[in-house]
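Given the coordinates of chain A, assemble chain B onto it according to the supplied hints.
Taken in order, these protein sequences are the chains called A and B.
Just so it is clear: in the first sequence, position 113 is 119 by our numbering, and no numbers are missing.
Just so it is clear: in the second sequence, position 294 is 300 by our numbering, and no numbers are missing.
Mixed in with the good hints there might be a few duds.
Since the list can't tell identical chains apart, any single copy or any two copies may satisfy a pair.
As the list claims (entries may be wrong) - Straight line, CA to CA, 20 angstroms or less: simulated SDA-like cross-link-like pairs of lysine to any residue: (1) Lys35 to Glu130; (2) Lys299 to Arg222; (3) Lys31 to Tyr403; (4) Lys407 to Thr285; (5) Lys148 to Gln9; (6) Lys299 to Ala352; (7) Lys35 to Ile10; (8) Lys35 to Gln388; (9) Lys148 to Leu370; (10) Lys57 to Gly360; (11) Lys57 to Asp297; (12) Lys359 to Val125; (13) Lys8 to Met246; (14) Lys164 to Arg347; (15) Lys164 to Glu253; (16) Lys8 to Asp404; (17) Lys8 to Gly336; (18) Lys57 to Asp381; (19) Lys18 to Thr177; (20) Lys35 to Thr285; (21) Lys254 to Ala264; (22) Lys351 to Ile110.
Hints are computed from structural coordinates only; laboratory data are not their basis.
These figures come from a predicted structure and were not determined experimentally.
2 protein chains.
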Amino acid sequence: MKQIDGGLCAPKGFRAGGVWCGIRKKNDKRDLALIVSDRLCTAAGMYTTNKVKAASVLVTREHLASGRCQAVICNSGNANACTGEAGLDAARRMARAAAAALSIDPALVAVGSTGVIGVPLPVEKVEAAMPDLVSALSADYKGHAAALEAIMTTDTRKKEIALEIELDGKTVRIGAIAKGAGMIHPNMATMLSFITTDAAIAPALLDSALRLAVSRSFNRVTVDGDTSTNDMVVILANGMAENAPIEKDDANYLRFCAALEQVCINLARAIARDGEGATRLVSCTVSGAGDEKTAETLAKAIVGSSLVKAACFGADANWGRILCAMGYSGADFEPETVSVRFRSKAGEVLVCKGGASIPFSEDLAKAVLSEEEIDILVDLEQAGAASATCWGCDLTYDYVKINGDYRS
Amino acid sequence: MKQIDGGLCAPKGFRAGGVWCGIRKKNDKRDLALIVSDRLCTAAGMYTTNKVKAASVLVTREHLASGRCQAVICNSGNANACTGEAGLDAARRMARAAAAALSIDPALVAVGSTGVIGVPLPVEKVEAAMPDLVSALSADYKGHAAALEAIMTTDTRKKEIALEIELDGKTVRIGAIAKGAGMIHPNMATMLSFITTDAAIAPALLDSALRLAVSRSFNRVTVDGDTSTNDMVVILANGMAENAPIEKDDANYLRFCAALEQVCINLARAIARDGEGATRLVSCTVSGAGDEKTAETLAKAIVGSSLVKAACFGADANWGRILCAMGYSGADFEPETVSVRFRSKAGEVLVCKGGASIPFSEDLAKAVLSEEEIDILVDLEQAGAASATCWGCDLTYDYVKINGDYRS
Chain A
7 MKQIDGGLCA
17 PKGFRAGGVW
27 CGIRKKNDKR
37 DLALIVSDRL
47 CTAAGMYTTN
57 KVKAASVLVT
67 REHLASGRCQ
77 AVICNSGNAN
87 ACTGEAGLDA
97 ARRMARAAAA
107 ALSIDPALVA
117 VGSTGVIGVP
127 LPVEKVEAAM
137 PDLVSALSAD
147 YKGHAAALEA
157 IMTTDTRKKE
167 IALEIELDGK
177 TVRIGAIAKG
187 AGMIHPNMAT
197 MLSFITTDAA
207 IAPALLDSAL
217 RLAVSRSFNR
227 VTVDGDTSTN
237 DMVVILANGM
247 AENAPIEKDD
257 ANYLRFCAAL
267 EQVCINLARA
277 IARDGEGATR
287 LVSCTVSGAG
297 DEKTAETLAK
307 AIVGSSLVKA
317 ACFGADANWG
327 RILCAMGYSG
337 ADFEPETVSV
347 RFRSKAGEVL
357 VCKGGASIPF
367 SEDLAKAVLS
377 EEEIDILVDL
387 EQAGAASATC
397 WGCDLTYDYV
407 KINGDYRS
Chain B
7 MKQIDGGLCA
17 PKGFRAGGVW
27 CGIRKKNDKR
37 DLALIVSDRL
47 CTAAGMYTTN
57 KVKAASVLVT
67 REHLASGRCQ
77 AVICNSGNAN
87 ACTGEAGLDA
97 ARRMARAAAA
107 ALSIDPALVA
117 VGSTGVIGVP
127 LPVEKVEAAM
137 PDLVSALSAD
147 YKGHAAALEA
157 IMTTDTRKKE
167 IALEIELDGK
177 TVRIGAIAKG
187 AGMIHPNMAT
197 MLSFITTDAA
207 IAPALLDSAL
217 RLAVSRSFNR
227 VTVDGDTSTN
237 DMVVILANGM
247 AENAPIEKDD
257 ANYLRFCAAL
267 EQVCINLARA
277 IARDGEGATR
287 LVSCTVSGAG
297 DEKTAETLAK
307 AIVGSSLVKA
317 ACFGADANWG
327 RILCAMGYSG
337 ADFEPETVSV
347 RFRSKAGEVL
357 VCKGGASIPF
367 SEDLAKAVLS
377 EEEIDILVDL
387 EQAGAASATC
397 WGCDLTYDYV
407 KINGDYRS
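So that you can see chain A by itself, here it is in the shape it has in the complex (with noise of 0.2 angstroms):
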């Protein structure tokens, strides 16, 4: 397995682009994203759990529900969600502007929307803007770019990346972009994230394959306990990559999976950075539990909490607050046998053994939690090898500035 250049466009077949259609007011940024693949693919798409679902979830489900896609078109400063009957017709209106543009079947065109919620969508902009979209496209790191900018909102850092392996001799490769920083909260395929790959595979695994890696990556960040009412994650496989498709549960599946789940963990790892107003990635790693889903619960928790977030925020080494999280996680655990360390590129410091205090360095500790990426270890020390590890941020002032005033 190895990291590549190119993003979206890494895989064979794949061409992108993104231009500013005039949704957002200001032309400082793109707005309107269009991914689109030589070849039909296997496809599929994991979406929010939210009851309340944006119209382009509703469109995107219904279309990826045959298996089949061929494109992605996606806005950004406005979320198409709660806007009615005419928010659905706009969302389908997408799909078809796309389609036409580009004389495919409406039918094999995902649409993903992010931005404010309960505004209706000016779908005359986006459908305007195609021809321009449409010459936009390239197949290069580009394109990419210009996708990936457009699908962007309070987001600080690109989400991107590129992965290459081996299936019997055949080169394989994998691009993703995501967006997402705030209403980012682990029950569901959290946010947006397009992934495109050049392996033959069929749908049904990779449906699998999806749930398998989004359940441990993306659906394992949070960033404020919100979950979005607009989260999509949708892959395309185009199959050009000219390996022997994948039809089966085998070891080229296995490497398949393990592939896609490095894209989503590295995305995920950078939306949780990317938090709105973060200033610390806070990974934690829950060990020691008898299955996976006791760990994860616990994990989560944990980096959901305001007051671990908030206490990381200031390097203050409050481990009860760790302890507070577990208690109320609604995980099965014995408190009188954890323990707590805090590790970074500054050092390792255990601050609690047996469920109680044990004497540490202050300022060792204080310098651990000063980093920007800071692991919080816990380990249940009781029966199992069970471990999860989940992704968030520290709570700072700037994320309420952000989100004190977001529709101005």
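What follows is chain B alone, placed relative to chain A:
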């Protein structure tokens, strides 16, 4: 039902007091409280549902299992949680010290603690302060006020109330104090509250009255989604009002329940209003629901959403976040019929109808949301007539500041 002065000491036969014993480093605030009844009381308690329970919670739960109690001792500045066997021993020594000074059985003493988690409790300071604490007891407002001060931590406002009702020609009084500003989330008896009454009431009915009142008050408050390790609500009823003892679910019982519910709601609102760093009290009422539980689940999700809280801080009428929070709450409802209004003393503004945007005055919305007390009124406009109100506060820079370095 009439509001009266006197707090904890308003009911007949109760004395209270507070001193500085040295658990807090600075002597600018009392840190040890004592509440005593002249006569043996019927008592009930509710405790944190956090799996990690403070030693004080374990000891009080054990002592109150008898349904009898005569005194409460409570310290601030140290939570005595995650302190192992030594912590349990310290909590028992607190009960014994109070019992010895008052010449009662240690099993008749409830113990409360609040403050930092995971630091050994210097119980010898409590023991040394007992003579001063007993001398400080008084049956007037002064004693009540000293006890209240002694249980406060990051609280900036006093949470206190006393009410009077008539039961069969006898005057029955209820007095109460509470503390709580952070680590507040509605999943239990949140925070510390001690309630006195001179009502004569059977243990089982006192217990059910407390459970009902707490379920509609403290359990409907959230500040930050973190359920504390030390939460405790204890009520002592000494019977000195000489009302005919409440021994069945009759009109007098319902009158007592209503008064107790008012007492708890008053304190619950005060806790939300004093949420760490808060500038606004946010009350959310969901109506038109099929059942009260659905209404409560939705209202809790709304006041608990970091994004809704940040929008309240910014006086931003971002109602899409309200629908988003409802959507991930887990409650069953149809988004398509929901209406949302904001109300305060500056006026009222409808911002969402039929689950979608309607035109509204941004200026009016800004004015309404700029008040210190805001109501979010959500009508599901569905079959039912059930409603519920939950309370929270805005998310501000100061919440982050207070919790970024709490231990220093």
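Evaluation of the provided hints:
When the C-alpha separation of Lys35 and Glu130 is checked against a cutoff of 20 angstroms, the pair qualifies only within one copy, where the shortest distance is 19 angstroms, while the shortest distance between copies is 64 angstroms. Within a single copy, Lys299 and Arg222 get their C-alpha atoms as close as 11 angstroms, which meets the 20 angstroms cut-off; across copies the closest is 33 angstroms, which misses it. Proximity of Lys31 to Tyr403 under the C-alpha cut-off of 20 angstroms is found in neither arrangement, the shortest distances being 26 angstroms within a copy and 28 angstroms between copies. For the homomeric pair Lys407 and Thr285, the shortest alpha-carbon distances inside one copy (14 angstroms) and between copies (14 angstroms) are both at most 20 angstroms.
For the identical chains of this complex, Lys148 and Gln9 are intra-copy neighbours only, at 18 angstroms inside a copy versus 70 angstroms across copies, given an alpha-carbon limit of 20 angstroms. In this assembly of identical chains, Lys299 and Ala352 lie within 20 angstroms of each other by CA distance neither inside one copy nor across copies; the values are 30 angstroms within and 48 angstroms between. Neither within a single protomer nor between protomers do Lys35 and Ile10 lie at most 20 angstroms apart by alpha-carbon distance, with minima of 26 angstroms and 61 angstroms respectively. In this assembly of identical chains, the alpha carbons of Lys35 and Gln388 never lie at most 20 angstroms apart, being 51 angstroms within a copy and 42 angstroms across copies at closest.
Taking the closest pair of Cα atoms, Lys148 and Leu370 never come within 20 angstroms of each other, the shortest separation being 44 angstroms inside a single copy and 46 angstroms across copies. In this assembly of identical chains, Lys57 and Gly360 lie within 20 angstroms of each other by CA distance solely across copies; the values are 15 angstroms between and 41 angstroms within a copy. In this assembly of identical chains, Lys57 and Asp297 lie within 20 angstroms of each other by CA distance solely across copies; the values are 18 angstroms between and 29 angstroms within a copy. Proximity of Lys359 and Val125 under a CA criterion of 20 angstroms is satisfied inter-copy only: 13 angstroms between copies versus 52 angstroms inside one chain copy.
Taking the shortest Cα distances, Lys8 and Met246 sit within 20 angstroms of each other inside one copy (19 angstroms), while across copies they are farther apart (79 angstroms). With identical chains, the CA atoms of Lys164 and Arg347 are never at most 20 angstroms apart, being 31 angstroms at best within one copy and 38 angstroms at best between copies. For the identical chains of this complex, Lys164 and Glu253 are neighbours neither inside a copy (34 angstroms) nor across copies (67 angstroms), given an alpha-carbon limit of 20 angstroms. Taking the shortest Cα distances, Lys8 and Asp404 never come within 20 angstroms of each other, neither inside one copy (36 angstroms) nor across copies (45 angstroms).
For the homomeric pair Lys8 and Gly336, neither the shortest alpha-carbon distance inside one copy (39 angstroms) nor that between copies (41 angstroms) is at most 20 angstroms. For the homomeric pair Lys57 and Asp381, neither the shortest alpha-carbon distance inside one copy (33 angstroms) nor that between copies (24 angstroms) is at most 20 angstroms. For the identical chains of this complex, Lys18 and Thr177 are intra-copy neighbours only, at 10 angstroms inside a copy versus 84 angstroms across copies, given an alpha-carbon limit of 20 angstroms. In the homo-oligomer, the alpha carbons of Lys35 and Thr285 never lie at most 20 angstroms apart, since the shortest distance is 24 angstroms inside one protomer and 35 angstroms across protomers.
Taking identical chains as interchangeable, the C-alpha atoms of Lys254 and Ala264 lie at most 20 angstroms apart only when both belong to the same chain, with a minimum of 15 angstroms there against 65 angstroms between chains. Neither within a single protomer nor between protomers do Lys351 and Ile110 lie at most 20 angstroms apart by alpha-carbon distance, with minima of 51 angstroms and 56 angstroms respectively.
In the structure shown, a violation is registered for the earlier hints numbered 3, 6, 7, 8, 9, 14, 15, 16, 17, 18, 20 and 22, in ascending order.
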